[in-house]
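Peer 1: Going down the list, the sequences are from chains A, B and C.
So in my numbering the end of the first sequence lands on 407, straight run, no missing numbers.
So in my numbering the end of the second sequence lands on 372, straight run, no missing numbers.
So in my numbering the end of the third sequence lands on 72, straight run, no missing numbers.
Some clues are possibly wrong.
[Claimed, not checked] Heads up, simulated SDA-like pairs for lysine to any residue below, C-alpha to C-alpha not over 20 Å straight-line:
#1 K61/C with G347/B
#2 K6/A with H134/B
#3 K263/A with R96/A
[What the hints assert, rightly or not] The following label-pair restraints were derived from C-beta to C-beta distances:
#4 L80/B with P353/A: 49 to 55 Å
#5 E149/A with F174/B: 45 to 51 Å
#6 G262/A with T263/B: 46 to 52 Å
[What the hints assert, rightly or not] A short list of chain C residues far from chain A (calculated; beta carbon distances all over 10 Å):
#7 R23
#8 K24
#9 R27
#10 L29
#11 I34
#12 P51
#13 I52
#14 T57
Because the hints were derived from the structure by calculation, they are not lab data.
Each residue gets a CB set at the ideal place from its N, CA and C atoms; glycine is no exception.
Listed below are the residues making up each chain.
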Amino acid sequence: MRQIQKLIGCVSLCLCLMLIASGCWSRKELDDLGIVAGVGIDEAKSGGTYAMTAQVILPGQVAGGGGGQSGGSQGGSGSAAAVLTSQGDTVFDAIRNYTFHAPRRLYWAHNQIIVIGKDIAKKGIYPVLDIFIRDPELRRTAWVLIAEEKASDILKAKSDLEEIPAMAIRDTMETRQATSQVAAVNLHDFAAMLMSEGTSAVASLISTIEESGKTTHSLSGTAVFKQDKMIGRLDRQQTRGYLWVIGEVESGIISVTCPTDGKKVSLEIVRSSSKIQPRMHGSELEMLVEVSVESNLGGQMCDCDFATIPGVKALSKLQAAAVRTEIESAWKHAASLSADIFEFGTALKRKYPKQWKQLAPNWDTIFPETKLNIKVDSKVRRMGTISAPALPNTRRNTRTGEKMPSE
Amino acid sequence: MRLEQGKISSSQLVFIVLGVILSSVQVIPPSGRVGRIAWLTNLIGVIEACGFALIFIALAKRFQGDTFVDIASKVWGTYLGKAVSGAYLLFLFHIGSLVIDDFATFLNTVFMPETPSVVLALGMAAVAAYTVRHGIEVIARCSQILVPMLVVNTALAFLLALPQFELANLQPLFDAPLSELALGAHRATAFPYLESLAFLMVFPFVSRQKQVGKSVIGSLIIGGVFLSFLSVRNYAISGIVNTINVYPSVMAIALIEVGEIVTRIEALVALNMLSVAFLAICVFMYTNVLGTAQLLELNSYRPLVIPTAVLMALVSTIHFENYIEAFVFANQTSLLYHPIFEIIVPGLTLLVAAARGKRNTGRDALVSKEES
Amino acid sequence: MLFLTILAFALIGMFEIPPLVHRKQWRELIASSILLLIGLILAILLSLGVPIPPVSTSITKLFTPLLDALNI
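Same shape as in the complex, but just chain A (with noise of 0.2 Å):
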C-alpha cells in the first residue's frame, strides 16, 4: 500500500515537473527566431508614425561564411543578413507589426545598435528610446547612434569586412579608443544623461560614405542634445576636445607641428585621465579642468632629433598646446550651443549642491558664462624602437628645443 502511494507520488512528481520545468511558457526556438542585431528608425512618410528598419541575422548564411574563405557569397544574395521594415504609431507598434510579413519572431536581446534617423532626432529621440530602455528583453548596452540621413540607409549599407553590417558598427564603436574621436554612448549612458538634470546628452553620428563602389557606413561625429532633441553637432576634432574633459580618451593621435621645419609629428596617446573642479568665486563661475595625457613618440616626418632633454620637452608643450587647441574647440561650441555637454552641472551638484538648486533652473544662460581654466599636464614618454630618425647625422637637427618659441 505505502510502495503503490510513493509509486503515485513519484509519477505524479514526475508529470508535474515535465509539464513545469520544460518551460512550456516563453520558450523560443531557434530556428523559429529572427535575431535583431540593429535597428534603425525614421520618421515614416505618411507623418506622425514610424518606420521601422531591422537587421536581422539569417543564421545559415553566418555559418556558411564563416566556415571558410572558400565559401565566399554562397546561396543567394550571400548576406548574411536581411533587412525588414516595418511601420506602426508607436515603435513598439512597429516592432509588432513585422509579424505581418516576417516568418520568424524577432528577438531582439541580441540587438547592438540603434540608430535614430536625423529628422526623429531634431524633434525628440525619447518617445522612440522609451520602449528599448523598458522592456527587459532589450538590453541597455546597445549603442545609440544617430543618422546623419536616414536610419534605414545606414542599416542598408554593407562592411566588407563583417558579414553582418550591425556587428560591423558595433565593432567600429569598440575600435573607436584608437582615435578617441568619436563618443560612444549606450543606451544607459544617454539615459542617464537625459536624466541629469543641466546635463546636455551626446551620441555618436553615423553616416554613410562610398568606398570603391560600395555603400559603407562611418562614425561622423558627435550629436548634442538639448532634452531630447539634437541641436548640433560636434565634429571629430571637437569630439575629443569633449572626451579630454570627461577622461574618455583612450588612445589616438595627436599630430604637432614641429618646431623647425613645420612638418607633422604624431604622438600616441597612451593614457589619460581628467579631474572637473568647479569653484565658486562669489557668483563668478570657475570650471578647472585637469587633463593629464601621457603619449609616446609614434612618427615624425621632420628631420629633428626629438631624443635630447628639450627636445622631449618642446613636444610635451606642443601636445599641451594641442591638447588645449581640442577642448577650446569643443568648449567654444558646446558654449554657443548653450548645451553643457561636460557635465560641468553634475560637478558644481555634487560640490555645491545648496547653490546648484539656484543655478540650476538658468543653467542654460549661466553655463556659457562659466569660465573655463584649463591645465593640461603633458608628458611624452618613450620613442619606439628607435631613439633618433634614421638619417644620417649630417641631417639631424639636434638644437629643437632650443628653437623653441618661447612660450
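Please arrange chains B and C on chain A, whose structure you already have, making use of the hints.
Peer 2: Below, chains B and C alone, put in the same frame as chain A:
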C-alpha cells in the same frame, strides 16, 4: 510530544535572518524614493531595528524555549492569547505569500513575461513545502549553503562591475532633508529588517539560547551593511538611472560587459534572488505551520505544510492588481502595517508579561512542554 | 482549467489524507482538510475568474486615512 525535534546553531540563525533580510532586494529597492542616500537610510534603519530587536530578545530570554504561541497564551490568557497568536500567524502567512508574489513578479517582469504567475508561485511554494516538511534543521542547512553562495556571487559580480564603478555618482553624500532620511530609515526598519525577526518562533530551537541576542543583532548589522553595500554598488554603476530602476541590482549588473564573453551575468543576481526568496518563503511557511499546529494543539505540523503552501501560492496571486499597488504597499502601508506585528504586538506582550510577572517557569521549557 | 484544479487538489488529498487516517490523527486530518478546502475554494474561484478583492491592497485601503493623516 514536541513539534520540532531539531536544533539549529546560533550561526545558522544568523544565516537564516540574513537570508530573510536579503530577500527584500528582489522587491522595491529597500528605500524606494530616497535613491542616492539609500545606503545611509539602510544603515540608520539597522540601528533603529537593533533597538526594536531588543524587544524580541527580551521576550526570548524571558520565555526561554517558548515559541510566540506559547508566550501569547501564557501572557494573554487562553482565549485572548489564541486570538493574538492567530493574528500573528495570519501576518506570517501574509508576509510569506507576499514574498512569493514578489518573486513571481520579479520573474514575470525581467525573465519570464509570459509565464502565469500562479505557476511560478506554485513551483516556488512546492520546493519550499518540501523543505519545510523536513524541519528547521534542513532550512538552516539550506541557508548555510545559499547565503554564502550569494555572498560569493555578489563578490564576483562586484569585481566584474569595478570598471563601471563611479563613486562620484554618490556625491553629495549627505544631501537629503532630515524628514526623508528618517522616513527612509524607518521604512528599512519595518521592511526588511524587523520582518526578518517576525519569526520569534524559531528562537527556541537555537541550541545555545544565550547567544540568540548576539546572533540576532549580529545578523541585523551584517544584513544592513550588505544592503548598504548593494545600494552603493547599484548607484555607483547605474548613476541617476538607478532611481527609476525597478530592479536596481539586475539592471546594474546587466550593464557589465567584459569583452564579448562575460555578458548577461544578471543571471547571477537572479540566482541570488531565487535563493534568498526560497529561504524567506521557507522561513515564513515554517513558522506559520508550526504556530498553527501549536495553536490547534496538533501532534505534528507536517500535514499542514502542503495545504498551507498551496494556499500561500494561491493568495500570492491576489495581493495586488498592479505594480503600483505593490509599490505603495511596500513603501507606505508597510510603514504602519508591519510595525503592528513587529513592534506593537511583541512590545505589548513584553510589557504585560513584565506587569503580570509572567515568565517561563520550567527550567527547560522544552522538557516541561513534553510533560504537559 | 477547473478540471485540472480539482485533479491537482485530489492528488494532494491522496497524498496527505491516507497516512493521517492510518495513524488515526483526526485533529490533524481536520485541520489540514479545512486548509485544503479553503485552498480548493479559492482555486475554483480563481479558475472561474470570479473577481476577488486584492488582499494587500485592501490592507492599504484600511491604512489610507492614517497614511494621509501622517502625510506619508
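Peer 1: Run every hint past the structure and note whether it holds.
Peer 2: Hints versus structure:
1. K61/C with G347/B: 25 Å, violated
2. K6/A with H134/B: The hint holds at about 17 Å.
3. K263/A with R96/A: Violated, because 58 Å separates the two Cα atoms, which is more than 20 Å.
4. L80/B with P353/A: 49 to 55 Å: Check passed, 53 Å falls within 49 to 55 Å.
5. E149/A with F174/B: 45 to 51 Å: The hint (45 to 51 Å, Cβ to Cβ) holds, given that E149/A and F174/B are roughly 49 Å apart.
6. G262/A with T263/B: 46 to 52 Å: Given a distance of about 49 Å, which is inside 46 to 52 Å, the answer is holds.
7. R23: For R23/C, whose nearest Cβ neighbour in chain A is about 12 Å away, the distance exceeds 10 Å, so it holds.
8. K24: 16 Å, holds
9. R27: Given a closest Cβ separation of 22 Å, the condition holds.
10. L29: 16 Å, holds
11. I34: Given that every Cβ of chain A is farther than 10 Å from that of I34/C, nearest at about 23 Å, it holds.
12. P51: 24 Å, holds
13. I52: 23 Å, holds
14. T57: 24 Å, holds
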